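Colleague: Given next are the chains, with one letter for each unit.
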Amino acid sequence: MSVGRLLQITLAVVGTLCLLAIATIVIAKNHRRRAGDKSRYLLSVYRNELLAIASDEDEEGEAKQVLFAVPVPIWERLRPSVIAFLSKVRGTAAEDLSDLLRSRGEIERATEMLTSRSGVVRARGAYLLGLVRDRNLAALLIPLLADRDADVRLVAARSLGVIGATQAADGILQALRTSRGRRGLPAWVAVDALLGMGVEIAPAIENGLTSDYAAVRNVCAQVAGHGTIFSAAPRLSILLATAKEGEVRVSAARALGRVGGANEAIALARYTNSSEGAELRRACAVALGELGRQESLDTLVALLGDDDRRLAQLAASSLIQFGEVGIAKLVAVAVDSSPSARAAQGALDLAKLRGQITTDAVDS
Amino acid sequence: MFWNDFLESFRQAISYGLEIIAIPVLIYFVITNTSLMLLIGVAAWGFSGEQRRKDFAGREQTMTSQLIQGVSIVVPSYNEEAVIVTSVQAMLSLEYPRHEVIVVDDGSTDGMFEKLLEAFDLVRVERELPSDIPTRGAIIDVHIPRNGRTRLVVVRKENTGKTDSVSVGINAAVEPLVVCVDADSILDPSALIVVTKPFADDPIRVVATGGVIRAENGCKVVAGRIVEVNLDKHWIVRIQAVEYLRAFLFGRAGWSGFGALILISGAFAVFRRDVLVEVGGLDPDSIGEDFEIVMRIHRFMIDNDRDYRVQFVAEPVSWTEVPVSTKVLRAQRKRWHRGLWETLWKYRGMLFNPRYGRVGLVALPYFWLFELIAPLVEIFGPVIIILGLLLEVTSANFVLMFMAVAYGYAILVTLFALAMEELTFHKYSRWSELGALLVASVLENVGYRQVTAWWRLEGWWASLRGKKQVWGTMTRQGFDD
Amino acid sequence: MKTRILIADDDKDMLDVLAFKLTQAGYEVVCVSDGLAALELIESNPPRLAILDLMMSGLSGLDVLRKVRANEATKNLDVILLTGRTGDSDVDAAFATGANDYITKPVSPRELLHRVNALLARSK
Chain A
1 MSVGRLLQIT LAVVGTLCLL AIATIVIAKN HRRRAGDKSR YLLSVYRNEL
51 LAIASDEDEE GEAKQVLFAV PVPIWERLRP SVIAFLSKVR GTAAEDLSDL
101 LRSRGEIERA TEMLTSRSGV VRARGAYLLG LVRDRNLAAL LIPLLADRDA
151 DVRLVAARSL GVIGATQAAD GILQALRTSR GRRGLPAWVA VDALLGMGVE
201 IAPAIENGLT SDYAAVRNVC AQVAGHGTIF SAAPRLSILL ATAKEGEVRV
251 SAARALGRVG GANEAIALAR YTNSSEGAEL RRACAVALGE LGRQESLDTL
301 VALLGDDDRR LAQLAASSLI QFGEVGIAKL VAVAVDSSPS ARAAQGALDL
351 AKLRGQITTD AVDS
Chain B
1001 MFWNDFLESF RQAISYGLEI IAIPVLIYFV ITNTSLMLLI GVAAWGFSGE
1051 QRRKDFAGRE QTMTSQLIQG VSIVVPSYNE EAVIVTSVQA MLSLEYPRHE
1101 VIVVDDGSTD GMFEKLLEAF DLVRVERELP SDIPTRGAII DVHIPRNGRT
1151 RLVVVRKENT GKTDSVSVGI NAAVEPLVVC VDADSILDPS ALIVVTKPFA
1201 DDPIRVVATG GVIRAENGCK VVAGRIVEVN LDKHWIVRIQ AVEYLRAFLF
1251 GRAGWSGFGA LILISGAFAV FRRDVLVEVG GLDPDSIGED FEIVMRIHRF
1301 MIDNDRDYRV QFVAEPVSWT EVPVSTKVLR AQRKRWHRGL WETLWKYRGM
1351 LFNPRYGRVG LVALPYFWLF ELIAPLVEIF GPVIIILGLL LEVTSANFVL
1401 MFMAVAYGYA ILVTLFALAM EELTFHKYSR WSELGALLVA SVLENVGYRQ
1451 VTAWWRLEGW WASLRGKKQV WGTMTRQGFD D
Chain C
2001 MKTRILIADD DKDMLDVLAF KLTQAGYEVV CVSDGLAALE LIESNPPRLA
2051 ILDLMMSGLS GLDVLRKVRA NEATKNLDVI LLTGRTGDSD VDAAFATGAN
2101 DYITKPVSPR ELLHRVNALL ARSK
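Protein chains in written order, with our numbering: chain A, 1 to 364; chain B, 1001 to 1481; chain C, 2001 to 2124.
Calculated directly from the structure, the hints in this document are not laboratory data. Nothing here was measured: the structure is a model prediction, and the numbers come from that model. Some hints could be false.
Said to hold, decoys possible - Capping the alpha-carbon separation at 25 Å, the derived lysine-lysine pairs in BS3-like fashion look like this: (1) 1327(B) with 1162(B); (2) 2075(C) with 88(A); (3) 1327(B) with 1233(B); (4) 2012(C) with 1220(B); (5) 64(A) with 2012(C); (6) 1346(B) with 1327(B); (7) 2012(C) with 1427(B); (8) 29(A) with 1162(B); (9) 2002(C) with 2012(C); (10) 2075(C) with 2002(C); (11) 29(A) with 1220(B); (12) 1427(B) with 1220(B); (13) 1427(B) with 29(A); (14) 1162(B) with 1346(B); (15) 1233(B) with 1427(B); (16) 2067(C) with 1115(B); (17) 329(A) with 352(A); (18) 2002(C) with 1115(B); (19) 2067(C) with 2012(C); (20) 2012(C) with 29(A); (21) 2002(C) with 1220(B).
Chain A on its own, in the form it takes in the complex (with noise of 0.2 Å):
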């Protein structure tokens, strides 16, 4: 082939796409600019009985009875519409609104849409039902945490979190391992989903903090601390004594501090020590603070000293949450001028600006 013949070519080809490229951004922009009148105008006809709904203003009932009976292509129009305000009330408002949904049949297109072919119409399906809120759906949403679509399985976690589901707990768990090519659940959704479930799910819980895969331990951990599980606590001390992951350790530490009783708190003081990781360290002395026993104290002042001084600071402001007893003791080492006088001393000055002292506690 002669250049001329591929230099033709070429700049066919380039200009071409050249003038594709610049159609795209044109139609895009159009496109955009006219989506925003479309869907004012459909919504302007029936926009008060809408609004009247969403705003818990229908009280005797009769915007409902308006859009029950409105014909079906208009109600498709109008559907995205009840579903987004759905998402954004509570409250009764939010009750009448999945009562006119379910009215007009839309739990059962929802149900429907869950074995469709397509991922994008599962994860909407799924998604609905979420909002509806209504426990007796949760079977539905279960069998898609093992979706072979990612997105389906967030939606559908989300959706029982949001329902409060709490036989989904192990399937949640599940659905956190990377497998097989799908990537595990994202950490926060997990946590949150579970943390919507209440105390109900402490065995599924504990079972997780044994689990081989870390994601699942670290989450389990996160979730018996927020949701103040104590009957994990033996399992966490476990978690944070033998845990490979240094993360998983530190996550461990983090909730004794809020379900630990005297064994985790000397659990807790052991793991201050100087042959442990820094992060681990400062997690376990916050802990200690946050558990507040009376054991704990000599420990947390002999950190005052320690060569981490990020670490000292902790332990100072630990023994702030003591009250009074934590407060002497500060006061006590804050004497000359050696490092754990100086770490006291900033706790105690901090603690007074807060106004979480008075001066003459501190000066007497």
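We have chain A already, so just place chains B and C on it with the hints.
Modeller: The following block gives chains B and C in isolation, referenced to the frame of chain A:
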């Protein structure tokens, strides 16, 4: 007679050389532009996925999550009295459940500290900073607001430069995530939540993320926030806006999607604090700071068999003023290319090393070939081709072919990036601005590219010269801006 | 004369619902969809109460609140912040910046009306 013979042999020698070089040069440009297209394609694929997921896994939902890790914003500052108070106020009111702002005053000689003292009612506190990262400058004092609750910390230290100040800031940071921001950067209110989402999605593996910076020039700024995005009127800024779109937004997103992101724009990168400490903090002898630290993290993680991820978040979150004068632009490009060279050289052991996976086998070779020596080809490529034409070695068609492939194709790539921008973030909303960007895409190839290529070579040359002057060791030379 | 209330939220649905509710209750409602417009309106033609969404791009609700409290002329405006967050630190931050009240999303329209009435009654 002699002269004609000489010319003839010269011509033959040149034509022989040109025949060998001309086609590779052509192919070089084809590969460069095609690879950019691919990267942009990968990025666009990622975006469309993100758009679809917005209803289910959008921002609002992440913000209420308990798993959010706190962020420490480190602001190394030198003589920033004009902007510091507004800037700090804007940073303190970023939307995020838990963050702090650490201003590191690098021995300023203006009234910056006094302004902070007054605006935030600062009092001195007894606080020793841990020395997790070794630093050089001595700490003078630490101040916090009198109410003891506003999460601002002002650390004053001796003047030892920006890198050392950042290290001090990292030491002072108490939250698990750290981001370093210039005092005059402008951040969107949702910047932190956007750029830390990967950490929430995967707290065990993600170690660093980077966000997108856009050009602030011409935009309307109120209370430290961008309230109106406008394209600046200077053509030099418009061309840079186009550059940023193409390279920073889509180039980076593409590499990230491919799993080999080695360059995070330093102006908005978030790191896990413990990882920064593990790798030893920033290298004070390196000019290519952001690039260097990311490479160090890659090497460290792979050497230690750690499962990790460096992720790019393709949403504009931060704005910075790009150079308007050629003098400042020149200094910037010289510095960037010098930093690129020094870091690539420092990590040459990773090049083509299968141990380092995609980073060593794909990203690094790409950067050596298509970023480092690019300016050489940019300048000498056309010279060779035109010379060939003059000496009748190559045809006029070939020259046109070259221009179509090198510049025409480049314009296409840019238009492609603009189209992607329009489909995703559409920050430039006026027709006139889109038109200006289109023109800028063309203008970029008619002089801007070539001149900036020359400046990049200058930076590279300066670095090489610097090295040669010192026997054996590689020390940082002051640079002559 | 009807009491004027300003609502600022970049979500049009939210604006519509809240405006409807408050209008039905007898208030005069002004809607804007970004922080800058809200600030300008507050400074030029102050309403009796402002409901500001926290998460808006450009100027957020918190930014607007900050500016309003810092300005002598507008610092006593009643402000309710709307937000999706529920953490203690967020509530602290909102009140520390000077919000009079704080409502979480999803919003209960009935609750919002109660809070608006209560705030207006308190500060009469």
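Colleague: State for each hint whether it applies.
Modeller: Results of checking the hints against the structure:
{"no.": "1", "hint": "1327(B) with 1162(B)", "verdict": "holds (22 Å)"}
{"no.": "2", "hint": "2075(C) with 88(A)", "verdict": "violated (30 Å)"}
{"no.": "3", "hint": "1327(B) with 1233(B)", "verdict": "holds (18 Å)"}
{"no.": "4", "hint": "2012(C) with 1220(B)", "verdict": "holds (24 Å)"}
{"no.": "5", "hint": "64(A) with 2012(C)", "verdict": "holds (22 Å)"}
{"no.": "6", "hint": "1346(B) with 1327(B)", "verdict": "violated (29 Å)"}
{"no.": "7", "hint": "2012(C) with 1427(B)", "verdict": "holds (19 Å)"}
{"no.": "8", "hint": "29(A) with 1162(B)", "verdict": "violated (42 Å)"}
{"no.": "9", "hint": "2002(C) with 2012(C)", "verdict": "holds (23 Å)"}
{"no.": "10", "hint": "2075(C) with 2002(C)", "verdict": "holds (22 Å)"}
{"no.": "11", "hint": "29(A) with 1220(B)", "verdict": "holds (22 Å)"}
{"no.": "12", "hint": "1427(B) with 1220(B)", "verdict": "holds (13 Å)"}
{"no.": "13", "hint": "1427(B) with 29(A)", "verdict": "holds (11 Å)"}
{"no.": "14", "hint": "1162(B) with 1346(B)", "verdict": "holds (21 Å)"}
{"no.": "15", "hint": "1233(B) with 1427(B)", "verdict": "holds (16 Å)"}
{"no.": "16", "hint": "2067(C) with 1115(B)", "verdict": "holds (18 Å)"}
{"no.": "17", "hint": "329(A) with 352(A)", "verdict": "holds (16 Å)"}
{"no.": "18", "hint": "2002(C) with 1115(B)", "verdict": "violated (44 Å)"}
{"no.": "19", "hint": "2067(C) with 2012(C)", "verdict": "holds (24 Å)"}
{"no.": "20", "hint": "2012(C) with 29(A)", "verdict": "holds (20 Å)"}
{"no.": "21", "hint": "2002(C) with 1220(B)", "verdict": "violated (35 Å)"}
Checked against the numbered hints above, the structure violates hints 2, 6, 8, 18 and 21; every other hint is satisfied.
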